[in-house]
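Asker: At position 105 of the sequence shown (counting the first as 1) the number is 105 in the working numbering, and the numbers step up by one without a gap.
Quick caveat, the hints were computed from the structure, so don't treat them as lab data. Incorrect hints may have been included.
To be verified - With a straight-line cut-off of 27 Å between C-alpha atoms, the simulated BS3-like cross-links for lysine-lysine are:
{"#": "1", "residue 1": "K440", "residue 2": "K343"}
{"#": "2", "residue 1": "K296", "residue 2": "K147"}
{"#": "3", "residue 1": "K557", "residue 2": "K296"}
{"#": "4", "residue 1": "K296", "residue 2": "K495"}
{"#": "5", "residue 1": "K440", "residue 2": "K147"}
{"#": "6", "residue 1": "K343", "residue 2": "K147"}
{"#": "7", "residue 1": "K296", "residue 2": "K440"}
{"#": "8", "residue 1": "K440", "residue 2": "K495"}
Unchecked claim - Have a look at the derived ranges for each label pair, beta carbon to beta carbon:
{"#": "9", "residue 1": "S616", "residue 2": "A21", "range": "36 to 42 Å"}
{"#": "10", "residue 1": "P544", "residue 2": "F448", "range": "23 to 29 Å"}
{"#": "11", "residue 1": "P544", "residue 2": "L299", "range": "29 to 35 Å"}
Ideal Cβ placement from N, Cα and C applies to all residues, glycine included.
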Amino acid sequence: MNCADRSARVPWLAARQTGVALLVFATTALGGWAMFEILRVNGITALQGIVLGLFVITFGWITIAFWTAIIGFLLQLTRRDPLTLSRLDRQPPTTDPGEHHTALVMPIYNEDPERVAAGLESTCHSLLEQPHARGFEVFVLSDTQDKEIARREETAIAGLQQRLAPRLVVHYRRREDNQGRKAGNLAEFCRRWGNRYDYLVVLDADSLMGGGTLVSLVASMQANPRIGLIQTVPIPVRSASVFGRFTQFAAALHSPLLATGQCFWQGHAVNFWGHNAILRTRAYMANCGLPDLPGKPPLGGEILSHDFVEAALMRRAGWEVHLDVRLGESYEEVPSNIIEFAKRDRRWIQGNLQHLRLLAAAGLHPMNRLHFLFGALAYLTSLLWGLMLVVSTVDAIGRAQGRHDFFSAGYQLFPDWPIATPELIMPLLLSTAVVLLLPKVLGFLLAFIQRPAAFGGRAPLLASTLLEVAIAILIAPLMMLLHSWFILSVLSGQKVSWDAQVREGRSVPWMDAFHHTWLATLIGVVWAGATYLFAPVFFWWLSPVWLGLLMAAPLVKMTSSLTHGRRLHRAGLLRVPAEVMPTTVLQALATGSSSPPATRLAPPPPEYPGDMPVQSFSTWPPVAAAALDDGESPRRTASSRPAESPQAQAGPDPGAKHE
Numbered sequence: 001m002n003c004a005d006r007s008a009r010v011p012w013l014a015a016r017q018t019g020v021a022l023l024v025f026a027t028t029a030l031g032g033w034a035m036f037e038i039l040r041v042n043g044i045t046a047l048q049g050i051v052l053g054l055f056v057i058t059f060g061w062i063t064i065a066f067w068t069a070i071i072g073f074l075l076q077l078t079r080r081d082p083l084t085l086s087r088l089d090r091q092p093p094t095t096d097p098g099e100h101h102t103a104l105v106m107p108i109y110n111e112d113p114e115r116v117a118a119g120l121e122s123t124c125h126s127l128l129e130q131p132h133a134r135g136f137e138v139f140v141l142s143d144t145q146d147k148e149i150a151r152r153e154e155t156a157i158a159g160l161q162q163r164l165a166p167r168l169v170v171h172y173r174r175r176e177d178n179q180g181r182k183a184g185n186l187a188e189f190c191r192r193w194g195n196r197y198d199y200l201v202v203l204d205a206d207s208l209m210g211g212g213t214l215v216s217l218v219a220s221m222q223a224n225p226r227i228g229l230i231q232t233v234p235i236p237v238r239s240a241s242v243f244g245r246f247t248q249f250a251a252a253l254h255s256p257l258l259a260t261g262q263c264f265w266q267g268h269a270v271n272f273w274g275h276n277a278i279l280r281t282r283a284y285m286a287n288c289g290l291p292d293l294p295g296k297p298p299l300g301g302e303i304l305s306h307d308f309v310e311a312a313l314m315r316r317a318g319w320e321v322h323l324d325v326r327l328g329e330s331y332e333e334v335p336s337n338i339i340e341f342a343k344r345d346r347r348w349i350q351g352n353l354q355h356l357r358l359l360a361a362a363g364l365h366p367m368n369r370l371h372f373l374f375g376a377l378a379y380l381t382s383l384l385w386g387l388m389l390v391v392s393t394v395d396a397i398g399r400a401q402g403r404h405d406f407f408s409a410g411y412q413l414f415p416d417w418p419i420a421t422p423e424l425i426m427p428l429l430l431s432t433a434v435v436l437l438l439p440k441v442l443g444f445l446l447a448f449i450q451r452p453a454a455f456g457g458r459a460p461l462l463a464s465t466l467l468e469v470a471i472a473i474l475i476a477p478l479m480m481l482l483h484s485w486f487i488l489s490v491l492s493g494q495k496v497s498w499d500a501q502v503r504e505g506r507s508v509p510w511m512d513a514f515h516h517t518w519l520a521t522l523i524g525v526v527w528a529g530a531t532y533l534f535a536p537v538f539f540w541w542l543s544p545v546w547l548g549l550l551m552a553a554p555l556v557k558m559t560s561s562l563t564h565g566r567r568l569h570r571a572g573l574l575r576v577p578a579e580v581m582p583t584t585v586l587q588a589l590a591t592g593s594s595s596p597p598a599t600r601l602a603p604p605p606p607e608y609p610g611d612m613p614v615q616s617f618s619t620w621p622p623v624a625a626a627a628l629d630d631g632e633s634p635r636r637t638a639s640s641r642p643a644e645s646p647q648a649q650a651g652p653d654p655g656a657k658h659e
C-alpha cells in the first residue's frame with residue numbers, strides 16, 4: 001500500500017471509537033473509585049469532594065493520551081496502517097499524481113526574510129529533485145507591516161525568483177493591512193487566485209517539507225476526490241538550546257506514536273494544525289469562510305485558532321479530513337526557551353477557549369466537537385491541576401492541625417480510631433505515574449527496537465529519555481502556573497497581541513528570567529514553607545511541585561542556554577533523527593545558497609477570482625441561493641458536498657487557469 005492510496009475504507013471505525021471510549025471511561029472510573037475509597041474512610045469533607053471531582057477530570061484527561069499511545073505503539077510495532085489496518089510497505093513508492101495545479105502558500109508576518117527565503121528554497125529544491133514535480137507554484141503571502149522588513153522581503157523573494165526560474169515559479173503578494181491575520185491572509189488569496197489552483201499546501205514561515213512528501217500529498221488527493229484535507233505530522237528541528245533540544249527530542253520520540261493512535265480512532269475526522277498540510281481548494285473556499293464570533297474579544301471577535309474550525313467546517317460539509325502518519329520530511333521550528341514557548345501558548349489559549357463557544361454549533365461532526373473540547377482541556381487541565389493541589393494543601397493542613405474526634409457518638413464503648421488506607425494510596429500513586437509516563441516509555445521502546453541509530457544509539461537514547469523525563473517533571477509546575485494565569489487573564493477580558501514568533505535561539509538573561517518567574521518563585525516559597533510548618537508529611541509529597549517553582553528562574557536561564565545545548569549534542573544526548581540522519585531538505589537549508597540580488601520583483605500572476613462565502617454556526621445545511629418554491633424542502637448547495645467521482649472534482653481545465 002503506497003501513500004497515495006487513501007481511498008480505502010476504515011473498517012470497524014464505530015467499534016474502534018466505542019472501544020477507546022470504554023477504555024478511557026473504565027480507567028477513569030477505576031481511578032476515581034480508588035480516590036473515593038481513600039477519602040471516604042474518615043468521612044469526605046467539602047474540600048475533599050472538590051479534590052475528588054478535580055482528580056477525576058484530570059485523571060480522565062491523561063488516560064486519553066495513555067490509551068492513544070498504547071494503540072499507536074501496537075500499530076507501529078506491527079507496521080500497520082492506522083486507518084485500514086493493512087501491512088505497510090517499508091519504503092512506499094512515490095506515485096505520479098497526474099495533471100494538477102498546486103500552490104505552496106506561505107503566509108508570513110514580520111518574519112526574518114532571509115530565513116523565510118532559505119527555508120522555502122530548500123523545500124523547492126527538494127521538490128525539483130522529484131520525477132513528478134510538475135504542476136507546482138509557490139506563493140509568499142506577506143502580511144508584514146514593518147516597512148524595512150517588507151523591503152528586505154522583496155529583495156529576498158526577488159533573489160529566490162531569480163534562482164528558481166524557470167524551473168519553478170515563485171509569486172509574492174503583500175497586503176497593506178493584516179485583517180483577519182493568517183486566516184484572513186489565506187482567504188484574501190483564495191478570493192483573488194483560488195480558482196487558479198486545485199490544491200493548496202499551507203506552510204508556516206518556519207516550515208520545511210520534502211519534495212517526495214509534497215508529491216505524495218497531491219497523489220493522495222488525486223486518488224480520492226472525497227478528501228478535503230490531509231495533515232502531516234510536523235517534527236521540530238534545528239534548535240540548539242537545551243529547551244529546544246528537549247522539545248524536539250520529545251516530539252521526535254512521541255509525536256508519531258500519538259498521531260498514529262489518534263488516526264486509528266478519529267478516522268476521517270482528524271484535526272488541522274494550520275500548516276504542513278494540503279487542502280482541496282474548492283472545498284476550502286466553499287466551506288471555510290470564517291465569521292466573527294459575537295461579542296468582544298478575547299472570547300468574541302475574530303476566531304484566532306482558525307485551523308480547528310476550518311477542519312470542522314470542512315468535515316461538516318462531508319469532506320474527509322485525514323492525518324497521514326506515514327509521510328516523513330515534514331518539519332517546523334519551535335521557540336528556543338520557556339518564555340517564548342509560553343508566549344505562544346498564551347495566544348493558543350485564547351483561541352482554544354473561543355472553541356468552547358462552538359461546541360453547540362449546528363451540523364458539526366461529533367469528533368470535531370471533541371477536538372474543540374480537547375483543545376481547551378489541554379490548557380484548562382493545568383488550572384484544574386493547580387486548583388486540586390491548592391485544595392489538597394488546605395485540606396492537608398486542616399487535618400494535620402485538627403484534633404481527631406475519638407468519641408463522635410457521645411456514649412460509646414470503643415473510640416473512632418483514624419483509618420489509613422495504604423493498600424489503596426500506593427497503588428493509586430503508582431497507577432497515576434504509569435498513566436502519565438507510559439506514553440514516554442512506549443515511545444522510547446519503539447525507537448529502541450526499530451530505529452536506535454536515528455537517536456545516536458541505544459545507550460544515548462536511554463540517557464536522553466531519562467533526561468527528557470526529568471526536564472518535563474521540573475518545568476511542569478511552572479507551565480501549570482503560567483497556563484493558569486493565562487486562562488484567568490483571558491477570562492478576565494485581557495486580549496493578546498499576535499506578534500511574529502521568535503524562533504532564533506537566544507540565552508535568556510538572568511534579569512529577564514527573574515522578571516518572568518519571580519511570582520512563581522514566591523508562590524513556591526510560601527507553598528513549601530506552609531506545608532513544612534503545618535503539614536510536614538504533605539510537604540514531601542508536594543516536593544516535585546514546590547521544587548519546580550523554586551527553581552523557575554534557574555530553569556528558564558539554564559534551559560535557554562545555547563552553550564549547554566551544544567554540550568548535550570557533543571555528549572550524544574537529546575539527539576534526534578533530523579540531525580543524526582538529516583534528509584536532503586535539511587541539508588540544503590544548512591548549506592544555503594546565494595545569488596546576485598535581482599533588479600526587480602516579478603509581479604503576481606493574473607487573478608482568477610472566486611467566492612469564499614462566510615459560514616454560519618447557527619444554521620446547517622445552507623439553503624441554495626435560488627428562491628425555493630412553496631413546499632420545496634431546503635437543499636445543500638453543490639459546492640458544499642464532496643465530489644462523487646474524480647471527473648466531478650476536476651473543475652475547470654487546469655490549462656485554462658494559466659490564461
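Asker: K440 and K495 were given as a pair; does the straight-line alpha-carbon distance stay at or below 27 Å?
Answerer: violated, 35 Å
Asker: Tell me if the straight-line CA distance from K296 to K495 falls inside 27 Å.
Answerer: holds, 10 Å
Asker: Given the hint that K296 pairs with K440, does the C-alpha gap stay at or below 27 Å?
Answerer: violated, 41 Å
Asker: P544 and F448, beta-carbon distance inside 23 to 29 Å?
Answerer: holds, 26 Å
Asker: Below or equal to 27 Å on CA atoms is what counts here, so check K343 against K147.
Answerer: Between K343 and K147 the Cα gap is close to 25 Å, so the pair holds against 27 Å.
Asker: Holds or violated: K440 with K343, Cα cutoff 27 Å?
Answerer: Satisfied, since the Cα-Cα distance of roughly 25 Å is no more than 27 Å.
Asker: With the threshold set at 27 Å, check whether the alpha-carbon distance from K296 to K147 stays at or below it.
Answerer: This hinted pair is violated, its Cα atoms lying about 30 Å apart.
Asker: Has the hinted range 29 to 35 Å been met by the Cβ atoms of P544 and L299?
Answerer: holds, 33 Å
Asker: Quickly compare the C-alpha distance for K440 and K147 to 27 Å and report which way the hint goes.
Answerer: Outside the cut-off at roughly 46 Å; violated.
Asker: Between the alpha carbons of K557 and K296, is the straight-line distance 27 Å or under?
Answerer: Given that 27 Å is the threshold and the Cα spacing comes to 37 Å, the pair is violated.
Asker: Looking only at beta-carbon atoms, does the pair S616, A21 fall within the given range of 36 to 42 Å?
Answerer: Hint violated: Cβ distance 30 Å, outside 36 to 42 Å.
Checked against the numbered hints given earlier, the structure breaks hints 2, 3, 5, 7, 8, 9 and satisfies all the rest.
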